[in-house]
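There are 2 protein chains.
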Amino acid sequence: FRKNIPSAKELTEGILHGNKTALGRAITLVESTNISHLNRANEIIENCLSRTKNSIRIGITGVPGVGKSTFIESFGLQLTALGKKVAVLAVDPTSSISHGSILGDKTRMDELVKDPNAFIRPSPSGSSLGGVARKTRESIILCEASGYDVILIETVGVGQSETAVHGMVDFFLLLKLAGAGDELQGIKRGIMEMADAIVINKADGDNLKRTKIAKTEFTRALHLYPPKENGWIPKVLTCSALENKGIQKIWELVDTYLEENKIRGGFYLKRREQNKYWLLQTVEDQIKQRFYQNREVKVLLDSLLLEVMDSKISPFKAAEKLLALHQKELK
Amino acid sequence: FRKNIPSAKELTEGILHGNKTALGRAITLVESTNISHLNRANEIIENCLSRTKNSIRIGITGVPGVGKSTFIESFGLQLTALGKKVAVLAVDPTSSISHGSILGDKTRMDELVKDPNAFIRPSPSGSSLGGVARKTRESIILCEASGYDVILIETVGVGQSETAVHGMVDFFLLLKLAGAGDELQGIKRGIMEMADAIVINKADGDNLKRTKIAKTEFTRALHLYPPKENGWIPKVLTCSALENKGIQKIWELVDTYLEENKIRGGFYLKRREQNKYWLLQTVEDQIKQRFYQNREVKVLLDSLLLEVMDSKISPFKAAEKLLALHQKELK
Chain A
826 FRKNIPSAKE
836 LTEGILHGNK
846 TALGRAITLV
856 ESTNISHLNR
866 ANEIIENCLS
876 RTKNSIRIGI
886 TGVPGVGKST
896 FIESFGLQLT
906 ALGKKVAVLA
916 VDPTSSISHG
926 SILGDKTRMD
936 ELVKDPNAFI
946 RPSPSGSSLG
956 GVARKTRESI
966 ILCEASGYDV
976 ILIETVGVGQ
986 SETAVHGMVD
996 FFLLLKLAGA
1006 GDELQGIKRG
1016 IMEMADAIVI
1026 NKADGDNLKR
1036 TKIAKTEFTR
1046 ALHLYPPKEN
1056 GWIPKVLTCS
1066 ALENKGIQKI
1076 WELVDTYLEE
1086 NKIRGGFYLK
1096 RREQNKYWLL
1106 QTVEDQIKQR
1116 FYQNREVKVL
1126 LDSLLLEVMD
1136 SKISPFKAAE
1146 KLLALHQKEL
1156 K
Chain B
826 FRKNIPSAKE
836 LTEGILHGNK
846 TALGRAITLV
856 ESTNISHLNR
866 ANEIIENCLS
876 RTKNSIRIGI
886 TGVPGVGKST
896 FIESFGLQLT
906 ALGKKVAVLA
916 VDPTSSISHG
926 SILGDKTRMD
936 ELVKDPNAFI
946 RPSPSGSSLG
956 GVARKTRESI
966 ILCEASGYDV
976 ILIETVGVGQ
986 SETAVHGMVD
996 FFLLLKLAGA
1006 GDELQGIKRG
1016 IMEMADAIVI
1026 NKADGDNLKR
1036 TKIAKTEFTR
1046 ALHLYPPKEN
1056 GWIPKVLTCS
1066 ALENKGIQKI
1076 WELVDTYLEE
1086 NKIRGGFYLK
1096 RREQNKYWLL
1106 QTVEDQIKQR
1116 FYQNREVKVL
1126 LDSLLLEVMD
1136 SKISPFKAAE
1146 KLLALHQKEL
1156 K
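Residue numbers (the working numbering), protein chains in the order written: chain A, 826 to 1156; chain B, 826 to 1156.
Same shape as in the complex, but just chain A (with noise of 0.2 Å):
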C-alpha cells in the first residue's frame, strides 16, 4: 500500500485476501461523504459483490444493560474458537462497540478485540439512520468478501434502527434481561415479532430462578404472534454471558435455522426480498432528499408551511404549488 491513497484495486485485493487493515480502509471510504471516496467504495464493493463467500448475518439487539457486549464478546470468541471468521459491525451511534469506553465499562470485548479471527468495526458516524444502515449494510459486503463467516450486527433496542438491522440480517437476536418490565416495550415497538430467538442474559446467581420464570412468560408471549412467513417457531433460550454459560446453545439454534431455511429455501429468499427492499428504499430516500435540498423548493416550502398551519390554504393545494415548482426547477 502506498500510504494514503491505495487505490480501489490494491484494497479489493487486500480485502479478498483477508487484510484486515484494507477491510478497514475500504470501509472508511464506505462511510466517507466525500464524493472521491465514494466513487472508490463503489468501485470496491461491485468488485467485492461476486466474491461474498457464504456467511451468516446475525442482528443482535437489546436495550442498554441487557450485557450486550459481554453476549457478543463471550458468542463471537466461541465461534471463533470453532474456526469461523467473525465480523462486528454496529448500526446506532450509541452501540455498545462505540461508546463502550464513554459508559466507563472496561470489559467491551477485550478479548474478542485481540483475536486474530474477528474484526471488530464501530458504527459509522451519520445524521440519518438511513445513512449509517447504508453504510452498515454495504460493509457488509466487504468483510463477506474479506472471507468472514458470521457477521454481527449489534444495534440498541431503542428507537428504530432494529427495524433496518431485521432488514438486512438472516437471523434476528432479541437479548432481554428477567424481570425487566420490558416486555411491553418490546411487543409495542413490533420487536419482538422480528425476533427469531430471544435469549434471556444474565441467568447467573440470584437471578436464576428469574430466568425460569421469564423464559416462561416470553414463550407464551411469543405464541401469540402468528408463525413466520419461513414456518420458524422463535424460541427462549437463557444463558450468561459472563459465566459463558449457555453460548454453545445459542449458536446451535441458529445453526439449526439455518439449515432447515437454507433446506426450505426461506434463506435465500429471504435474502432477494432484502436486496429489492433496499434499492426501493434506497431510491425514494433520494427523491425526496432531492425534492426538499432544491433551494427554491426550500423557500417556497418554508412560506406555504406558514400559510398551512394557518389554514390559508389547504395542504393539498400547497402540495401541488410545490410540485409544479419542483418540475419547473428539474427542467
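Hints in this document: simulated from the structure, not taken from any laboratory. There could be a bad hint or two in this list.
Here are some of the chain B residues that sit facing chain A, going by a computed Cβ distance under 10 Å [as the list claims (entries may be wrong)]: (1) Glu1098; (2) Gln1099; (3) Pro1140.
A few chain A residues facing chain B, derived, Cβ under 7 Å [to be verified]: (4) Leu874; (5) Arg1097; (6) Trp1103; (7) Leu1104; (8) Val1108; (9) Gln1111; (10) Ile1112; (11) Lys1113; (12) Phe1116; (13) Leu1130; (14) Val1133; (15) Pro1140; (16) Phe1141; (17) Leu1147; (18) Leu1148; (19) Leu1155.
Where is the CB? At the ideal position from N, CA and C, for every residue including glycine.
Please arrange chain B on chain A, whose structure you already have, making use of the hints.
What follows is chain B alone, placed relative to chain A:
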C-alpha cells in the same frame, strides 16, 4: 341548480347555506378522478377554507363486530338532540357505513340518516389509503363550511387507516368489547397509544360484569404509556349503544377534553401540526408516484430488481442508475 353541471360558485353557495345536496355533489367532485371535476373541487375547497366553522373532528375506530354503526347512530342522535349538526364520514372501503347492507345489518344508522341535522357519507372508493384519506380530509373542510359542528370520522380497526384518521381529528376514540382478547393486537399496532378515550361498548345484559373488569384492565394498560404531549390522560368509559346508556358521558368527556385543550392551546397546535403533516405527506406521495410512473424508469426498475435480487448488482448502485435515468427523463 342546473341539473348536471352546477358551477363551483353555485356549489360553494349551496354548501355555505347548508344545502345537503350541494354538499353531497361537491364531495362527489372531490372524490372524482376526472381532472375537470378535480379543478372544480379545488376551487370549492379554496372558497370554503376561510369559511369553516369551529367544528370538532372525532375519529372513531374499532374492529368489525364492536358495534361501530350502532354507536355512531346513538352518539350522533344525542348530538343532534343537543342542537348540533353532525356529519359522518368514513375512511376505508370496509367501513360499516359503506358496507352495512352487505353485512345484512338492518339497523345501520337508520334513525340518523333521517335526521335533518345529520349528514352521512360513505367511504370514498380509491385504490390507495393515501388517496382515500386525502379525499376524506377535504370532505371535512366542506362539511365544516356547511355548518356541521361535529364531524365523526369512522375507520375500521384493521390496517393502517387509524394512523391516517388520527392525523385528521381532534379526538380519537377507540371502541372495544369486554373480553374480546384483542388487547395485544391494539397495543402491538399502536392503536391504543393513539386513543384519547377507550369506550367499551355492549355494556349490557350478561356482559355488564365483564365490562367492569375490562374497564379496570384497560385503565391499567393505558397507564403503561407515557402521558400525551398535550397533557391529556386517556380515559376508559363503558356504554351500551344498543340501550343508549352511557352515551352522554362520552360526549361530556369529549367536551372536557376540548375545553382543557383549547385553554392550553394544544387543540390549535395539533391542527397546525396536522396541516403540516398533510402537506409533507402529499408531496412525498406524489414525488414517489411520479418516479414509479415514469415509463422508462419502470422498464429499468424491472430489470434492475432481478439483478439486485440475484446479487448481481448492489441495491445502492442500482438505485443510482435509476435516479440518473429519472433525472435525464425529467429534463
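Evaluation of the provided hints:
Proximity of Glu1098(B) to chain A holds as hinted, the smallest CB-CB distance being about 8 Å (cut-off 10 Å). The criterion of a C-beta within 10 Å of any C-beta in chain A is met by Gln1099(B), whose closest approach is roughly 9 Å, and the hint holds. Taking 10 Å as the C-beta contact cut-off toward chain A, the hint placing Pro1140(B) at the interface holds, the least distance being around 4 Å. A distance limit of 7 Å between C-beta atoms decides the matter here; for Leu874(A) the minimum to chain B is near 6 Å, and the interface restraint holds.
Here the hint on Arg1097(A) is kept, as its CB sits about 4 Å from the closest CB of chain B, short of 7 Å. Satisfaction of the interface hint for Trp1103(A) is found here, the shortest Cβ-Cβ separation to chain B being roughly 4 Å, below the 7 Å cut-off. Given hint, Leu1104(A) at the interface with chain B, holds; its Cβ is 4 Å from that chain's nearest Cβ, closer than 7 Å. Annotation: Val1108(A) was flagged as interfacial toward chain B, and the flag holds, the nearest CB pair being 5 Å apart, inside 7 Å.
Against a cut-off of 7 Å between C-beta atoms, the interface hint on Gln1111(A) holds, since the closest Cβ of chain B lies about 5 Å away. Nearest Cβ of chain B to the Cβ of Ile1112(A): about 5 Å, under the 7 Å cut. The hint holds. With its C-beta approaching chain B no nearer than about 6 Å, Lys1113(A) sits inside the 7 Å limit, and its interface hint holds. A hinted interface residue such as Phe1116(A) counts as satisfied when its beta carbon comes closer than 7 Å to some beta carbon of chain B; here the least separation is about 5 Å, so the hint holds.
A hinted interface residue such as Leu1130(A) counts as satisfied when its beta carbon comes closer than 7 Å to some beta carbon of chain B; here the least separation is about 6 Å, so the hint holds. For Val1133(A), the interface hint holds, the least distance from its beta-carbon to any beta-carbon of chain B being 5 Å, beneath 7 Å. Given the 7 Å rule on beta carbons, the hint for Pro1140(A) holds: about 4 Å separates it from the nearest Cβ of chain B. Given hint, Phe1141(A) at the interface with chain B, holds; its Cβ is 6 Å from that chain's nearest Cβ, closer than 7 Å.
Satisfaction of the interface hint for Leu1147(A) is found here, the shortest Cβ-Cβ separation to chain B being roughly 6 Å, below the 7 Å cut-off. About 5 Å separates the beta-carbon of Leu1148(A) from the nearest beta-carbon of chain B, less than 7 Å, and the hint is met. Satisfaction of the interface hint for Leu1155(A) is found here, the shortest Cβ-Cβ separation to chain B being roughly 4 Å, below the 7 Å cut-off.
Of the numbered hints listed earlier, not one is contradicted by the structure.
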